[in-house]
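Please take these sequences and the hints and turn them into a complete structure.
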Amino acid sequence: DSGVTQTPKHLITATGQRVTLRCSPRSGDLSVYWYQQSLDQGLQFLIQYYNGEERAKGNILERFSAQQFPDLHSELNLSSLELGDSALYFCASSVALGGRNSGANVLTFGAGSRLTVL
Amino acid sequence: GQQVMQIPQYQHVQEGEDFTTYCNSSTTLSNIQWYKQRPGGHPVFLIQLVKSGEVKKQKRLTFQFGEAKKNSSLHITATQTTDVGTYFCAGGNTGTASKLTFGTGTRLQVTL
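Sequences listed follow chains A and B, in order. Taking the working numbering, I'd label the letters of the first sequence as residues 1 to 118. Taking the working numbering, I'd label the letters of the second sequence as residues 1001 to 1112.
I should point out that these hints are in silico values taken from the structure, not numbers from a laboratory. A quick note: this is a predicted structure, and the numbers were derived from the prediction, not measured. It is possible that some hints are incorrect.
[As the list claims (entries may be wrong)] The calculated lysine-lysine pairs, modelled on DSBU-like cross-linking and capped at a C-alpha distance of 35 angstroms, are:
| id | chain 1 | residue 1 | chain 2 | residue 2 |
| --- | --- | --- | --- | --- |
| 1 | A | 57 | B | 1056 |
| 2 | A | 57 | B | 1051 |
| 3 | B | 1036 | A | 9 |
[Unchecked claim] Label-pair ranges, simulated between beta-carbon atoms:
| id | chain 1 | residue 1 | chain 2 | residue 2 | range |
| --- | --- | --- | --- | --- | --- |
| 4 | A | 80 | B | 1077 | 46 to 56 angstroms |
| 5 | A | 63 | B | 1002 | 21 to 31 angstroms |
| 6 | B | 1030 | A | 44 | 14 to 24 angstroms |
We put the beta carbon where it would ideally sit given N, CA and C, even for glycine.
Quick look at the structure:
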C-alpha cells in the first residue's frame, strides 16, 4: 500500500457518459497529480494541484476537469466519454515543499483506476 | 514542449545478462527521476539524480545523469526475473511549475 488511495479500481461505462475518479493523497502530501496511461503506453501528464490550487496543466482535454478539495483529496471528472478515453488513470502525490519554483518532487502513485468505455 | 525519449522501447534478455535503458531530453533538466512499473502495477520511485555527471548505485542497478543534464541511463547488472517491468525516467524542470515529464518507457522482459 503506497498510501495514495484511488477509487474506483475499475469502471465500465458507455460512450457519452460522465465519470468521477477520486484520489486521496498520502498523509502529509499537499500536491496531487493525475496521469493517463493507455494500453502499453507511457504516462501522459494531465494536471497538478498544490494545496487546492491548480499548479500545472498537461494535455488534458476540455472534456476533463479536476479539482483538489480543502481536505486535499482530488477528483478527476471525465465527461462525454469516448472509446479512446479507455485507459488507466493514475493519481500521484508529493510533499511539494517550497514555493512555485521548487522544482520536481518525488511522486507516490496510487494503484490506478481502470476506465473502460464501451 | 519538452520531450523525453527512452530507448529501447522493449528488451528481452536472459536471466544473468545485463540491461541498459537510455533516456534523452530535448531540454536541460534540473533533475531526473527513475520509476519502475511491474506488470499490472503502478509506477514506483527508484531514485533521483540532481548533479551533472552524478552516478548512483542500488545493488545491481546503476543510474547515471549526463554532464549536460539532458540524458540519463539505468544499467542493471546480471538481470533477474524480478527485474521484469517497465522502467520510466522522468525529467524535472524548475520554473513556474514543478511537473515531471515522463519518458516513453522501456519494457524489460527477463526469461530463464
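Hints, one by one, checked against the model:
1. A:57 with B:1056: Holds, at roughly 31 angstroms.
2. A:57 with B:1051: Holds - the C-alpha atoms of residue 1051 (chain B) and residue 57 (chain A) are around 27 angstroms apart, at most 35 angstroms.
3. B:1036 with A:9: 20 angstroms, holds
4. A:80 with B:1077: 46 to 56 angstroms: 49 angstroms, holds
5. A:63 with B:1002: 21 to 31 angstroms: 25 angstroms, holds
6. B:1030 with A:44: 14 to 24 angstroms: 21 angstroms, holds
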